[in-house]
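Position chain B relative to chain A; hints supplied.
So the sequences go chain by chain: A and B.
Its first residue numbered 1391, the first sequence is counted upward by one per residue in this note's numbering.
Its first residue numbered 125, the second sequence is counted upward by one per residue in this note's numbering.
Among the hints, a few may not be true.
[What the hints assert, rightly or not] The calculated lysine-lysine pairs, modelled on DSS-like cross-linking and capped at a C-alpha distance of 25 Å, are:
1) B:K157 <-> A:K1766
2) A:K1613 <-> B:K201
3) A:K1903 <-> A:K1875
4) A:K1762 <-> B:K356
5) A:K1756 <-> B:K360
6) B:K358 <-> A:K1756
7) A:K1883 <-> A:K1836
8) B:K143 <-> A:K1613
9) A:K1760 <-> B:K157
Note that these hints are calculated values from the structure, not bench results.
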Amino acid sequence: MKRSILIGGEAGRGVDRTAAFIAEILSDYGYFCFVYRDYGSFIKGGHNFSVVTVSSDPVFSHEDEFDLMIALDKPALEKHIESLKPGGKVFLNSEERQTDQNIISVSADGFAIKKKVSRSFGNNIFIGAVLSSFGLDWRRGFKAISGKFSACDAVVVKEALRFGHEIQQGENFGFKPRSKHLEISTGNQAAAKACLKAGLEFCFAYPITPATGFVDALSQSGKVAVHQPEDEIAAINQTLGAVFSGAMAVTATSGEGAALMAESFSLAAMAEIPLVLYWASRLGPSTGVPTYSGQGDLKFALNIGHGEFPRVVVAPGDANESYSRTMEAFYLAYKYRLPVVILTDKNLAESYYNFEALPSLVRPGKFLAKPKAEYKSYAFSENGVSPRLVPGQGPIVRATSYEHDEFGLTVEDPETIEAMNEKRWKKAKFLEKEIAKLNPCRVYGKGKNLIIGWGSTKGAVLDALRQLPDYSFLQISYVAPFPVKETEKAIRKAKRTILLENNSTGLLGRILKEETGIEIKDKLLKNNGRPFTADEIARLLKNRHE
Amino acid sequence: MPITWCPGCPNNIVLYVLKSVFGELIDAKKIRKQDIVIVTDIGCAGKIYDYLDVNAFYGLHGRAIPIATGIKIGNPKLTVVAVAGDGGTYSEGLNHLVSSGRLNPDITVIVINNGVLALTKGQPTSTHPSIKGEPIFDPVPLALASEASFVSRETTFDLRDLQSTVKAAITHKGFSLVDIFEPCLSYNNDGERIRDTERVCDDSLQSGFDKRLRKIRTGVFRKISRPTLEQKLKKKI
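This is chain B alone, in the form it adopts within the complex:
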């Protein structure tokens, strides 16, 4: 399928990273290609559905997480990765993030966080940096408070970190969130802000921003191991 993102869109980097990580895991015989399923939201993030040559479910706005959860429960052998935007994860369907963090289905949620609902022509979301001086929503403390077992943030400016975190998230047994900051070249071109980040080096930090230095924090905020939802459901019957 021809790519219909805007020319130069950093979504291409997320696409590249997913292809690379899947390739690495398949080559290392960690997973079989036929067992990979991606679930997408709609909008620009959802377009990735057409560009990856794996099993795929193009879902509804805000509902990638429950669809992915159902797939994992239905067949725990599958490797399930949801790809959605900030609109579909932190606005519509936000409750699914909170519940999944707590219940811990073994799925990975990749959020392409560019601060706008781009395909409807650039309306700001809760993560937009400059809406009338309102504070920016930070999904990191919410995911931590929701007891998600893997919480991380990267940007599309550092390919190596992004790739290693996405790989760690996919191989993590439990609910993983990868919040990926990227600019939207058409409606929120704030690459300057996103590029200037601070790396998280210990797991005591509870905020995704360094408010004093006005910097975005990147890295893995939490990685712990606990029983998954599908394991618990299997035990019940």
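Just chain A, with the same shape it has in the complex:
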């Protein structure tokens, strides 16, 4: 069973918070939830909405039609009423009684004024009404979110929940009770949790949507020192400096900030300084549509930085993977002394998923060597990785953007240039083997036709597979190094293949062709800032192949 709730209203009115509270409470009851957040570039005003999808089975995407609608203002009602399912109900923040009996008017604003609290407190009335629609007790619901309020505010919140619970009457959805508590987390928050687990000490980042949520989560943890420097260029160079000095650090940005970081990304490769770049894409090109999503940065992430060097680009597909892949990113960057991109996008970074920090396949660390008197910062080795020391341990430690010998001293002779290029590229072979053990790609479902995708589209595709018994899904998570054998095997078995991406030209398809020679001609592409929904995928595939 699945039910969808839309919450709409002006920016600054608590749309996002209300949706998160509903998801948090229902997840606490053990229902599976997914929250999609749709907002423009406003601080106050405009129209934002969130969609909470609630299901008795795991759910990873939102629906286009709604069973319940919380309209915090009239424009929200007008904008979304067409998408209300037959028999659906609307809770409208208004004093006026509505002629349509499916629309229940409650003055949440009036409540807030009477209680002398900010308007968003009134939203809790609607949360109470939603709980009642699910046949749930508001008191227990309050417990799930009680930690977020002061004792004084809690009194008002409880009163609002009770009031809301009473106004919603009639039958409830009849969800079967579940008792297993589930967590919720955005992709950003999940990645931040992995950073803490990995032992992160510093984050250097310049604010940018949709990466800011990741930085905020680190800052709020109280365990990571977060510094906001003058620009993205300073952020990445400070990160490299901090890692060189022996700390564990991260930087985070979106495509535009990454463009500014490109020169230093190449520096990380040449100086062989472990770099983890958390890259949450938004819709480009240029400023594009900053609060909406896209998968248009894939080739950029694979090519960022001048010159040739090995790198890792890993793209998680949901919050759980955001956690596990971030753990792997730290492990690989520090073990192999090279730059690693965690490539995500707004849909994954800012949507709420049910989340569980599953045991990691790797153990991240700083991978520091024991100090020796005779030390070479760039010593040749079997796998191309030189033992890493940091300043202060005794031996002289060097890092350099210039081509260098084993000591890190500047060279220009052809023999050393060749040897050093070879040394850096040696890592690639070992990386490939390492990544093969980390499920670099995975097939979901048993259908003979294969959907191929990466990143945040995973959620909608998995939800769509329930309606598409003839289809399975190949999710490619490591894009560099590319899992050639594994993808070839999956593609060869398929009767029909179709590429699905949130971009205009099918970037993964182009990479797949470059890496395997296989061309995927059939493409399902969407690039208007909005994610695919499961129904949309199912509909489009059925139309196409029937």
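Coordinates of chain B only, in the frame set by chain A:
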């Protein structure tokens, strides 16, 4: 490493001064050699990376300051000195000077200011004395306006002053700027102008030039004490 600066290049004086100051501080047990890190820009100034026998990071054009800041934040026990040219401090990456002055990481920035981008064969920078009558950029008031806690200027013509100021800058707790005027023997050989300086004797002067006498001012323009960036970051967690 053999020195590849032009014969007689005054960069050798900066190199000598850094070696001497590090030596003095190590001998006096103020710092341990293994805790010194230099961060360099590229170009002629960057070559100093190969000539000093200490921990070193050869960075990117204009980015020595953020790299040095990151190193100091990552391990506050280290003594971090950035060496860059005027091109890499007052042109590319100028914003880092402004922000670091304000935020006060405990790093020292040594600017070898010869008015040219020498290694690309002598294109003028903003501090070149004679570009089509355009005014010369003066980093002193900018550093002061950026609230840098230690602002100074010296030339390579007065070794004693240069050495004592560099030492004071390195031992200063907070962001220190040492702007060092020197001629470029190949592309901007204006030693006559640089040699004729006026010593700053009080901290009220807000300009690095005496415009009336057409003289370069040298000395310490400001030295104040305030909390460093790395101290503040440590308090936050």
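For this session: Of all the hints given earlier, name the ones this structure violates by number, lowest first.
Result: 4, 8
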